[in-house]
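Fit chain B to the given chain A structure using the hints.
Top to bottom, those sequences are chains A and B.
According to my numbering, the first sequence is numbered sequentially starting from 542.
According to my numbering, the second sequence is numbered sequentially starting from 542.
Because the hints were derived from the structure by calculation, they are not lab data.
For clarity, every value in this text was computed on a predicted model and none was experimentally measured.
Some clues are possibly wrong.
[As the list claims (entries may be wrong)] A few chain A residues that face chain B, going by a derived Cβ cut-off under 10 Å, partial list only:
id: 1; residue: P559
id: 2; residue: D580
id: 3; residue: L634
id: 4; residue: S854
[What the hints assert, rightly or not] What follows is a set of in silico ranges between Cβ atoms, one per label pair, in the way DEER data are often shown:
id: 5; chain 1: A; residue 1: K882; chain 2: B; residue 2: G639; range: 53 to 63 Å
id: 6; chain 1: A; residue 1: K983; chain 2: B; residue 2: V594; range: 19 to 29 Å
id: 7; chain 1: A; residue 1: R593; chain 2: B; residue 2: N707; range: 20 to 30 Å
id: 8; chain 1: A; residue 1: P979; chain 2: B; residue 2: D702; range: 33 to 43 Å
id: 9; chain 1: A; residue 1: R593; chain 2: B; residue 2: K983; range: 14 to 24 Å
id: 10; chain 1: A; residue 1: H672; chain 2: B; residue 2: R772; range: 38 to 48 Å
id: 11; chain 1: B; residue 1: R931; chain 2: A; residue 2: G989; range: 51 to 61 Å
id: 12; chain 1: B; residue 1: H761; chain 2: A; residue 2: Q588; range: 36 to 46 Å
id: 13; chain 1: B; residue 1: V594; chain 2: A; residue 2: P979; range: 53 to 63 Å
Where is the CB? At the ideal position from N, CA and C, for every residue including glycine.
There are 2 protein chains.
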Amino acid sequence: MSIVMKPNDAAWMFIEKPEQPCHVASLSVFSPPPGAASDYVRQLVAQFEATRVFAPPFNYVLRRGVRGKLVPTWDELPADQIDLEYHFRHSALPAPGGELELGKLVSRLHSHALDFRRPLWELHLIEGLEHGRFAIYMKLHHSQMDGMAGVALWNRVMSLDADARNCQAPWAVGLKSSGPKNDRQKPSQAEKNPGNPAAAMLPALQAIGDLVKAAKNPEHPLQAMPYGAPRSVLNGRIHGQRRVATQTYTLARIQAVARKAEVSVNDVFLAICGGGLRRYLMEQGKLPLASLTAGLPVSVRPAGDVSVGNAISFMFAKLCTDIADPLARLRGCHESTALAKEHLQRMPKDVMESYTMLAMGPYLAQVALGLAGFGRPSHNLIVSNVPGERRPQYFNGARLEQLYPISALFNGQAVNISVFSCGGNFSLGFVGCRDSLPSIQKLAVYTGAALSDLEAALSTSRE
Amino acid sequence: MSIVMKPNDAAWMFIEKPEQPCHVASLSVFSPPPGAASDYVRQLVAQFEATRVFAPPFNYVLRRGVRGKLVPTWDELPADQIDLEYHFRHSALPAPGGELELGKLVSRLHSHALDFRRPLWELHLIEGLEHGRFAIYMKLHHSQMDGMAGVALWNRVMSLDADARNCQAPWAVGLKSSGPKNDRQKPSQAEKNPGNPAAAMLPALQAIGDLVKAAKNPEHPLQAMPYGAPRSVLNGRIHGQRRVATQTYTLARIQAVARKAEVSVNDVFLAICGGGLRRYLMEQGKLPLASLTAGLPVSVRPAGDVSVGNAISFMFAKLCTDIADPLARLRGCHESTALAKEHLQRMPKDVMESYTMLAMGPYLAQVALGLAGFGRPSHNLIVSNVPGERRPQYFNGARLEQLYPISALFNGQAVNISVFSCGGNFSLGFVGCRDSLPSIQKLAVYTGAALSDLEAALSTSRE
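Chain A on its own, in the form it takes in the complex (with noise of 0.2 Å):
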């Protein structure tokens, strides 16, 4: 059965290249259940080695040949030709196996690229971590997996259950599938046009003009839009190698915050991360006049959608990196989603497909159609946010401790911060460009710094 892939999925295919390898992973921390047998990695890994059922995505494989060049196509392998050795890998963490190593294996992992001849994805068990903790790094290819279907799979795989033994690989899980090319609604403009792609991005190109010429003139000076962001050191060249680096914090003490200050969790995630970004980038005296612009994925997928591929559209909003104050900084994020949010929804409804289409893939337009040149980056980074399960998850009696969302960079992007809101944490993944940027540790622990900040302040603002 072969499956032809949506325009947003395809943008991910038509701009993998070395240096921009296009897939996208989770980090999972895990607790082995109270007074597990020493061995219960081992059968993990035996349960994992025996499951050779393969759901969608996890069997789909790339349709070779020209056609597949212009609308990439999914072809269903029968199990008996997946090399599950090849997919499901068995690591080990050097001692201590703190952080610093399973940060180090991770930035191996995530900086190659997956083999197009099989299903895209690996999945690496990794033992060794301190107090008899492993971890499960998982990586998938954009084209088939944005954040909300990450979160989805995991929460289809995990168990709300402490006591639950029956969950299964999550290969043998995997999410519904993208339907076979008969089952389809209409078809898109790019399905209209396979000869074409660019003649299907044409409505989006109108937007982009529509939109650079808006972004000269905002209505409102905490308004971002595309094409208006700074220069800076984040949005060079990028090349093949990557540092990731992770930060949890509990998601109450950011709720906390988000009640003091009266805004939403995102704000907060907003004002940290401008806060982490602007002493890393004053740091190297490279920190921009103008506030960096982030791109904000929002998600277009319908509640309960549990399929394979992409349903989000971009917003964009001032990280207010320009601001010293770390409460002005949180008002002024609060204010930009408010703009963003007001102009996404002002927008008619035929637009708004282009503009998604455009804003999905500012990189279907920069990079794969060559349209870079406005002279200024379409944003300065993405910042990304996925709720979760809130409850305690477990898979197999072990604990999911933290989730770590580990995202893509592009060209003309070398840094990505992520935050997936799971159990009780809200862990951020950081991925920067290896050759670009100094340690990406620092900005990590920074956002530490701009929480603390804020927490300081609010707490003597409110004495």
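Coordinates of chain B only, in the frame set by chain A:
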């Protein structure tokens, strides 16, 4: 300082491709010194992390730009521009840390191409092997090092003294520089014609004609000539993923067989490769009627030369996979190599130079210049034997137990068998294309069966 690559080194640059990464590696397994502290490996890691001195070729980086494409040139990087954390990697095996786990990890590490923006090496110190052992997987680009240079490097790094504790990290020891630009001998054809690598190959192309002609009318049935090899499953297109297997025998076993049969150690090596391949291919119903032909790298490195780069020619021998009787096969291999040596020695010096050029890069001829299509492969596989230091060697007291070569594959060459004889062991490294060949591990095991068959036959024949 810039160093222009010699044509034989540059050849490996021209043919580098994602599915054909031209790196070679060694895998060494060490036992810690008796009574070593529990943090012996950790201390070694700390020593390595602190070693920020880089000898050739560990400080060589490919010069960028157009000229670099035609006549590739190395620049020497200052130490402060080398990202040691990238090149030196501390890894661990999952439990139980056996041959299986080590083979899987090395298969993955060997499948990843080097990063051409950096010095072309990685060194992985792997802890967690059974019985407290550790391993070093060291990978360099073939343009910098052939098997002999690899063993020469190891001999400079290691000590014969079990009590010595002043051994340095391999990158601090290195090899002798290829020399600055002005220091070279008379320019080669490739250097005289920097704009036209094809012109530089003309003598080699002429030599192909002569050799192909000779292949059609060999003087002797056991004389192997390039392009006289049978078609086989070993000679299809390859892909990017590798499987690595290892097998070690005591050198004494190999020597005993050689002595009894009055042949060389290398003849025994060829015969057990031939026996292993015969069983492996018969099992798949894919054994060619005619014997497989092996390309045997021949060192043309002057004694005591420990410089960067390649100094190898090739000769061709039949592995006698068409002969069922183990002793007859061994004698066939012996005769075939004797004929090949004689042919090599008879060759006039100027033809020999072209021949080396051609034989060194059947890839240059076949792959880079698109000359494939003579109907038959140049040879079926490369089988390489590099003698090493026979006395026990130590690194800061840790005894080198095994040293395996892990070689490169090329389009049309889906398997490689190489051997290092070091410290009383005869250690074979097998590399296969994961998508072209089933379990390369079986082939490794079957060489053991072939060795036992030889031992049994010899003991019977002498009784």
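Flag every earlier hint the structure violates by its number, smallest first. Violated hints (numbers, rising): 4, 7, 10, 12 and 13; every other hint is consistent with the structure.
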